[in-house]
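Chains as they are written, first to last, in my numbering: chain E, 1 to 441; chain C, 1 to 276.
Honestly, the hints are just simulated from the structure, not real lab data.
No experiment lies behind these values; they were computed from the predicted model shown.
Think of the CB as a built atom: it goes at the ideal place given N, C-alpha and C, for glycine as much as any other residue.
Some clues are possibly wrong.
[To be verified] A partial selection of chain C residues facing chain E, derived with a Cβ cut-off under 10 Å:
#, residue
1, 80
2, 81
3, 86
4, 100
5, 103
6, 107
7, 114
8, 126
9, 139
10, 152
11, 154
12, 162
13, 165
14, 167
15, 177
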Amino acid sequence: MSATSARPSPAPPTSGAAFIFKKALISAGVALVLFSLMIGVRTEAGPQGGLIYWTRFGDLAVLVATVFGGSIIVELLRQWWGPVDSDRFVPKPVQTAMAFAGRWLAPALLVFAFLIPVIFYNQRYILDLSILVLTYVMLGWGLNVVVGLAGLLDLGYVAFYAVGAYSYALLATNFGLSFWVCLPLAGILAAFWGVLLGFPVLRLRGDYLAIVTLAFGEIIRLVIINWQSLTGGPNGVSGIPRPTLFGIPLDNSDDGLAAKLGIDFSPTHRIIFLFYLILALALITNWVTIRLRRLPIGRAWEALREDEVACRALGINVTTTKLTAFATGAMFGGFAGAFFATRQGFISPESFTFQESALVLAIVVLGGMGSQLGVALAALTMIGGFELFRGLDQYRMLVFGMAMVLLMIWRPRGLIGHRAPTVFLERNQAISSDLVKEGHG
Amino acid sequence: MSDDHILSVDRLMMRFGGIVAVNSLSFTAERRKITALIGPNGAGKTTVFNCITGFYRPSGGALRLVHDDGRAFQLERLGDFRISKLAKVARTFQNIRLFPGMTALENLMVAQHNALMRASGLTFLGLIGAPAWRQAEERAIDLARTWLDRVGLLLRADDAAGNLPYGDQRRLEIARAMCTEPALLCLDEPAAGLNARESGGLNELLLSIRDLGTSILLIEHDMSVVMEISDHVVVMDYGVKIAEGAPQAVRDDPKVIAAYLGADEEEAIAVMESGT
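Using the sequences provided together with the hints, build the complete structure.
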């Protein structure tokens with residue numbers, strides 16, 4: 001306790017009942033002015049064509065009262081929990097518990113993921129949802145290379161997802177190639193398109209980069225819609241072969257897996273196979289990304305995010321570094337796309353809208369850019385939360401939006417904002433998010 | 001052209017639209033010596049630096065760099081990152097440009113990017129954890145440790161670069177430049193913002209770098225640094241060279257004094273004569 005704080009200090013201007021009341025009153029006043037015309041008076045064309053109007057002062061009063069009450073609640077919340085970086089008292093046992101949870105969360109999640117098909121064997125809904133979540137975890141990890149590590153804002157990531165999906169769908173339906181041949185091909189093709197996108201946007205930064213990548217995503221979708229002879233246009237591609245366990249189909253035929261193992265056939269087998277397939281793909285993505293971070297190319301990506309000019313002064317080829325980031329991210333997107341195609345059995349351009357890009361980007365930003373665990377948690381929250389709130393019907397988006405806004409107020413750098421160093425001499429200490437740059441394109 | 005010169009600048013021109021920032025500048029930097037480039041604000045020193053280190057493409061003239069083994073590079077044709085990668089010219093910046101969110105050690109590892117890229121078989125050998133790659137990484141960490149020790153930052157190796165005090169950041173930036181194993185080290189105002197004690201430490205560091213065999217080209221405003229450590233001084237004003245020579249000779253040159261005081265040459269001579 002310093003001497004100054006012991007003295008009675010003047011009342012801080014941002015707290016106290018009077019301040020809260022005053023702020024709420026101002027908010028209510030603004031709401032009254034805004035809503036008096038929008039809500040308070042309703043106009044319509046009358047039966048004779050003349051304008052008739054009537055008033056709805058009751059509704060207006062309710063709205064203004066809501067704003068008044070809401071403003072008080074928000075202000076109270078702000079003062080109790082405080083904004084970001086304000087000093088909050090956290091008891092010692094809670095801190096140790098948090099540290100313990102932080103260390104064991106990732107392994108626990110991994111073990112849980114492996115056990116999901118065992119625990120929820122008969123719950124098809126949960127298995128399907130897990131597959132969906134894992135697909136987004138993989139997409140998030142893929143985009144994390146571009147956005148989180150290299151700091152290049154990519155709003156058209158769904159384009160690579162689409163390239164991967166259509167690569168598998170078209171190669172499998174036209175040439176009869178198996179999933180395991182097509183998977184690497186889909187990755188390579190997506191990486192190729194990643195490089196193609198990379199070239200024109202090399203000189204762009206920030207907002208301009210975001211706009212061009214956004215346009216790229218739309219271009220790919222429009223090409224798929226309009227190139228009817230190849231892609232089937234809006235009708236999509238149907239009858240995409242299901243994946244096989246290295247040639248053994250997972251159906252109830254005589255040479256299916258169930259018959260070979262001598263067990264009763266169940267459609268759940270295929271779902272579980274798909275679950276472990278996407279789990280393996282996601283874990284490969286994770287493993288490769290973690291390895292890459294510790295290799296010179298990964299460090300160059302992060303250095304690029306921190307300071308591009310310094311990179312050039314150190315002899316790092318900024319062009320190839322950016323292109324490899326785009327290509328690596330796109331390749332993982334392509335793998336995920338191929339998986340998506342084989343899971344659905346049918347794909348159409350409708351699955352590859354901008355909303356998907358935005359969702360994956362939201363996962364990466366929410367998770368904490370560059371953090372693998374954060375992205376996985378964010379995918380679980382976003383996709384799982386989406387399903388959790390399904391009972392709320394039309395309020396789902398509202399609740400969801402509120403949750404995201406609150407999260408960004410409390411943790412503006414994502415769930416896991418700090419950065420783990422890739423190499424250390426003595427102490428492996430996390431780097432505060434205040435120091436880590438977000439990149440500017 | 002003699003082999004004692006690591007860098008020969010020949011009639012360097014740099015125009016920005018109608019403005020001539022550097023006008024037909026010629027000078028040489030000797031091998032294993034410290035050459036200082038001084039001049040008043042706006043004289044074009046940093047522009048010369050940016051031409052040498054590939055951030056600007058000169059409008060005219062030639063920049064020739066000769067390595068110890070006799071290999072010569074025309075820097076004006078290389079450009080961009082190749083100057084650091086092939087010609088081995090490293091630089092620091094007037095306003096420090098570290099990677100603030102990476103640790104001091106990581107900063108020095110990034111500096112060894114090109115060597116490590118080769119060792120990691122363009123990432124593929126590194127991905128499978130090949131023994132050759134592991135050894136190369138060990139060596140890279142050793143080199144980084146050596147330089148951290150030399151600049152006195154070994155104990156702060158695992159701290160984020162952005163968390164270091166200003167003077168430490170300056171030294172770390174020099175260490176990072178040295179980790180690229182340069183033939184020529186270009187320092188843009190390394191003593192800016194340092195106190196007298198730190199500035200003295202910097203002098204010792206630069207002299208030790210010179211004695212290790214790296215030539216240094218230096219822009220500096222702090223005359224105590226320039227006069228104490230440089231072997232050769234080039235003075236610029238308004239984009240042209242106005243004097244050149246040993247530090248002592250340059251300091252007494254009326255043209256230089258006139259440039260710094262913003263006075264006519266005759267006035268400066270008068271001031272000097274009345275003073276001594």
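Status of each hint after checking the structure:
Because the beta carbon of residue 80 of chain C sits about 6 Å from the nearest beta carbon in chain E, less than 10 Å, this interface hint is met. The closest approach between the C-beta of residue 81 of chain C and any C-beta of chain E is roughly 5 Å, which is under the 10 Å cut-off, so the hint is satisfied. At its closest, the beta carbon of residue 86 of chain C sits 8 Å from a beta carbon of chain E; the interface hint therefore holds under the 10 Å criterion. Interface restraint check: residue 100 of chain C against chain E, minimum CB-CB distance 5 Å, threshold 10 Å, status holds.
Taken as an interface hint, residue 103 of chain C checks out: its beta carbon lies about 5 Å from the nearest beta carbon of chain E, inside 10 Å. For the restraint placing residue 107 of chain C at the interface with chain E, the shortest Cβ-Cβ distance is roughly 8 Å, inside the 10 Å limit, so the hint holds. A hinted interface residue such as residue 114 of chain C counts as satisfied when its beta carbon comes closer than 10 Å to some beta carbon of chain E; here the least separation is about 5 Å, so the hint holds. Taking 10 Å as the C-beta contact cut-off toward chain E, the hint placing residue 126 of chain C at the interface holds, the least distance being around 4 Å.
Checking residue 139 of chain C against chain E by beta carbon gives a least distance of about 13 Å; that is not within 10 Å, so the hint is violated. Hint on residue 152 of chain C is violated. Least Cβ distance to chain E is approximately 15 Å, over the 10 Å limit. A hinted interface residue such as residue 154 of chain C counts as satisfied when its beta carbon comes closer than 10 Å to some beta carbon of chain E; here the least separation is about 8 Å, so the hint holds. Here the hint on residue 162 of chain C is kept, as its CB sits about 4 Å from the closest CB of chain E, short of 10 Å.
Hint on residue 165 of chain C is violated. Least Cβ distance to chain E is approximately 14 Å, over the 10 Å limit. With a least beta-carbon distance of about 18 Å to chain E, the hint placing residue 167 of chain C at the interface is violated under the 10 Å criterion. Because the beta carbon of residue 177 of chain C sits about 8 Å from the nearest beta carbon in chain E, less than 10 Å, this interface hint is met.
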